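Chemist: Below, each chain spelled out in residue letters.
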Amino acid sequence: MSVPLSAPDLLTRDFLEVRAKILELAACLDRFQRAEGSLAGDPRMRRIQDGLAVLQGAAQLESAEPNRAEQVQQIFSLPYDEEWRKKWGI
Amino acid sequence: MYYIDPHIHMVSRTTDDYETLAKMGCVAMSEPAFWAGFDRGSVDGFRDYFRQLTTFEPKRAGWYHMHHFTWMCINAKEAENVKLSREVIAMMPEFLDLPGVLGIGEIGLNKNTKNESIIFLEHLDLAAKRGEQILIHTPHLEDKLKGTRMIVDMLCDDRRLDRSRVLVDHVEEHTIRGVLEEGFWAGMTLYPVSKCTPERAVDMVELYGPERLMVNSAGDWGPSKPTAVPDFIMAMRRRGHPESLIRKIVYENPLEFFSQSRNFNFTPPEGLPAVEAK
Ligand SMILES: [Zn+2]
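The listed protein sequences derive, respectively, from chains A and B. Taking the working numbering as reference, the numbering of the first sequence is continuous, increasing by one, and the terminal residue is 90. Taking the working numbering as reference, the numbering of the second sequence is continuous, increasing by one, and the terminal residue is 1278.
No lab work stands behind these hints: they were computed from the structure. No experiment lies behind these values; they were computed from the predicted model shown. Some clues are possibly wrong.
[What the hints assert, rightly or not] No more than 20 Å apart at the CA atoms, straight line, and that leaves these computed lysine to aspartate or glutamate pairs for DMTMM-like:
{"hint": "1", "chain 1": "B", "residue 1": "1111", "chain 2": "A", "residue 2": "81"}
{"hint": "2", "chain 1": "B", "residue 1": "1077", "chain 2": "B", "residue 2": "1087"}
{"hint": "3", "chain 1": "B", "residue 1": "1114", "chain 2": "B", "residue 2": "1142"}
{"hint": "4", "chain 1": "A", "residue 1": "86", "chain 2": "B", "residue 2": "1087"}
{"hint": "5", "chain 1": "B", "residue 1": "1114", "chain 2": "B", "residue 2": "1048"}
{"hint": "6", "chain 1": "B", "residue 1": "1083", "chain 2": "B", "residue 2": "1048"}
{"hint": "7", "chain 1": "B", "residue 1": "1248", "chain 2": "B", "residue 2": "1211"}
{"hint": "8", "chain 1": "A", "residue 1": "86", "chain 2": "B", "residue 2": "1153"}
{"hint": "9", "chain 1": "A", "residue 1": "87", "chain 2": "B", "residue 2": "1199"}
{"hint": "10", "chain 1": "A", "residue 1": "87", "chain 2": "B", "residue 2": "1048"}
{"hint": "11", "chain 1": "B", "residue 1": "1111", "chain 2": "A", "residue 2": "82"}
{"hint": "12", "chain 1": "B", "residue 1": "1146", "chain 2": "A", "residue 2": "36"}
{"hint": "13", "chain 1": "B", "residue 1": "1114", "chain 2": "A", "residue 2": "83"}
{"hint": "14", "chain 1": "A", "residue 1": "86", "chain 2": "B", "residue 2": "1203"}
{"hint": "15", "chain 1": "A", "residue 1": "87", "chain 2": "B", "residue 2": "1080"}
{"hint": "16", "chain 1": "B", "residue 1": "1114", "chain 2": "A", "residue 2": "70"}
{"hint": "17", "chain 1": "B", "residue 1": "1225", "chain 2": "B", "residue 2": "1097"}
{"hint": "18", "chain 1": "A", "residue 1": "87", "chain 2": "B", "residue 2": "1039"}
{"hint": "19", "chain 1": "B", "residue 1": "1129", "chain 2": "B", "residue 2": "1087"}
{"hint": "20", "chain 1": "B", "residue 1": "1146", "chain 2": "A", "residue 2": "17"}
{"hint": "21", "chain 1": "B", "residue 1": "1111", "chain 2": "B", "residue 2": "1039"}
{"hint": "22", "chain 1": "A", "residue 1": "87", "chain 2": "B", "residue 2": "1087"}
{"hint": "23", "chain 1": "A", "residue 1": "87", "chain 2": "B", "residue 2": "1157"}
{"hint": "24", "chain 1": "A", "residue 1": "86", "chain 2": "B", "residue 2": "1039"}
{"hint": "25", "chain 1": "B", "residue 1": "1146", "chain 2": "A", "residue 2": "83"}
{"hint": "26", "chain 1": "A", "residue 1": "21", "chain 2": "B", "residue 2": "1199"}
{"hint": "27", "chain 1": "B", "residue 1": "1083", "chain 2": "B", "residue 2": "1094"}
{"hint": "28", "chain 1": "B", "residue 1": "1146", "chain 2": "A", "residue 2": "24"}
{"hint": "29", "chain 1": "B", "residue 1": "1111", "chain 2": "B", "residue 2": "1143"}
{"hint": "30", "chain 1": "B", "residue 1": "1083", "chain 2": "B", "residue 2": "1142"}
{"hint": "31", "chain 1": "B", "residue 1": "1111", "chain 2": "A", "residue 2": "65"}
{"hint": "32", "chain 1": "A", "residue 1": "21", "chain 2": "B", "residue 2": "1158"}
{"hint": "33", "chain 1": "B", "residue 1": "1023", "chain 2": "B", "residue 2": "1039"}
{"hint": "34", "chain 1": "B", "residue 1": "1077", "chain 2": "A", "residue 2": "83"}
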């Protein structure tokens, strides 16, 4: 299906919101760092890093696949085993 | 614009919410049976809940000239108790022929356990034997992808089911394609924090088209927004989509899906075409 608004129109419309969301993320990471305790080895931090890496493709809008949301969802998902019914015998 | 919310838990909402929904253009809603925030202790607890869904909620909706439809089941969370689940499944036929009862739902998975899967399959069996429509809950967050794939596996393994009479709800970017490609209906739930936003729902409409796609609020007792469907309508407009496309998703599609149920009876608002049960 077509996208009615042009890319420049969408950017104009969403620019401040994207800026605000990046800022919110940055402040969150700062907050984690300022607080007591270590997050080294926490698997959730690994997922956050992997999620951010997906977004870095945003710098090259022309080349990257437009499925970042799906990729981020995959990162925050548990693995699926095709043989599950056989394993449980149901 | 007139719209239908195909998934909302009005037992958890006030009469003021009914009034607000009516003022925002809601003409009908469907309410699947769900986990009410606490585990019920007996089959009679469920029987009373089903009575509430089939008698009092349609009455409250009627005060504001809306149609209320409902679905019967024991939800995935309480399905962990297999003995109680079987008692509830045995009792459900008392309600399945009542006016406004569209079928079995919202069945599904919560933590993707063996017991949940066993009870899901037993609900499917009842639906297949009685020719009931099915409304399905998919798990949230990290469990969603795995759980949705397990659900689609179980649905596809049952040759008796008519896929055009099955709605798989709470789809997101990583689960929508598999559901639509297998021929099922898909519902996008707009929900604070754990599910989808209006803008992302519009993205999915642009990516996958409007066929067999619906939008709902899944408003319930938790943080949720019963007026989320109007938020989607506004997001579609702001993205430049025509009214005809918006109406298809929020009004015509739910009617097309619901009208496959024998207990569906709907009088459209003045000026809109009638829809008969198929
Ligand atoms: Zn629900």
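Chemist: Run every hint past the structure and note whether it holds.
Modeler: Each hint, compared with the structure:
1. B:1111 / A:81: Holds, at about 15 Å.
2. B:1077 / B:1087: With Cα atoms ~15 Å apart, residue 1077 of chain B and residue 1087 of chain B stay inside 20 Å; holds.
3. B:1114 / B:1142: At roughly 18 Å apart (the allowed maximum being 20 Å), residue 1142 of chain B and residue 1114 of chain B satisfy the hint.
4. A:86 / B:1087: violated (27 Å)
5. B:1114 / B:1048: violated (28 Å)
6. B:1083 / B:1048: holds (19 Å)
7. B:1248 / B:1211: Status holds; Cα separation ~9 Å.
8. A:86 / B:1153: Since the Cα atoms of residue 86 of chain A and residue 1153 of chain B sit roughly 12 Å apart, the hinted pair holds (cutoff 20 Å).
9. A:87 / B:1199: violated (39 Å)
10. A:87 / B:1048: violated (38 Å)
11. B:1111 / A:82: holds (17 Å)
12. B:1146 / A:36: Since the Cα atoms of residue 1146 of chain B and residue 36 of chain A sit roughly 35 Å apart, the hinted pair is violated (cutoff 20 Å).
13. B:1114 / A:83: OK: residue 1114 of chain B and residue 83 of chain A at ~13 Å, within 20 Å.
14. A:86 / B:1203: violated (37 Å)
15. A:87 / B:1080: OK: residue 87 of chain A and residue 1080 of chain B at ~19 Å, within 20 Å.
16. B:1114 / A:70: Judged against 20 Å, a Cα distance of about 27 Å means the pair is violated.
17. B:1225 / B:1097: Between residue 1225 of chain B and residue 1097 of chain B the Cα gap is close to 31 Å, so the pair fails against 20 Å, i.e. violated.
18. A:87 / B:1039: It is violated: about 29 Å lies between the C-alpha atoms, which goes past 20 Å.
19. B:1129 / B:1087: Satisfied, since the Cα-Cα distance of roughly 17 Å is no more than 20 Å.
20. B:1146 / A:17: At roughly 32 Å apart (the allowed maximum being 20 Å), residue 17 of chain A and residue 1146 of chain B break the hint.
21. B:1111 / B:1039: holds (15 Å)
22. A:87 / B:1087: Between residue 87 of chain A and residue 1087 of chain B the Cα gap is close to 27 Å, so the pair fails against 20 Å, i.e. violated.
23. A:87 / B:1157: Judged against 20 Å, a Cα distance of about 16 Å means the pair holds.
24. A:86 / B:1039: violated (30 Å)
25. B:1146 / A:83: holds (12 Å)
26. A:21 / B:1199: Status holds; Cα separation ~14 Å.
27. B:1083 / B:1094: Status holds; Cα separation ~19 Å.
28. B:1146 / A:24: This hinted pair is violated, its Cα atoms lying about 30 Å apart.
29. B:1111 / B:1143: Holds, at about 7 Å.
30. B:1083 / B:1142: Given pair residue 1083 of chain B, residue 1142 of chain B is violated - Cα atoms ~28 Å apart, limit 20 Å.
31. B:1111 / A:65: Given pair residue 1111 of chain B, residue 65 of chain A is violated - Cα atoms ~31 Å apart, limit 20 Å.
32. A:21 / B:1158: violated (44 Å)
33. B:1023 / B:1039: This hinted pair is violated, its Cα atoms lying about 34 Å apart.
34. B:1077 / A:83: Violated, at roughly 23 Å.
Violated hints, listed in ascending order, are 4, 5, 9, 10, 12, 14, 16, 17, 18, 20, 22, 24, 28, 30, 31, 32, 33 and 34; each of the other numbered hints is respected by the structure.
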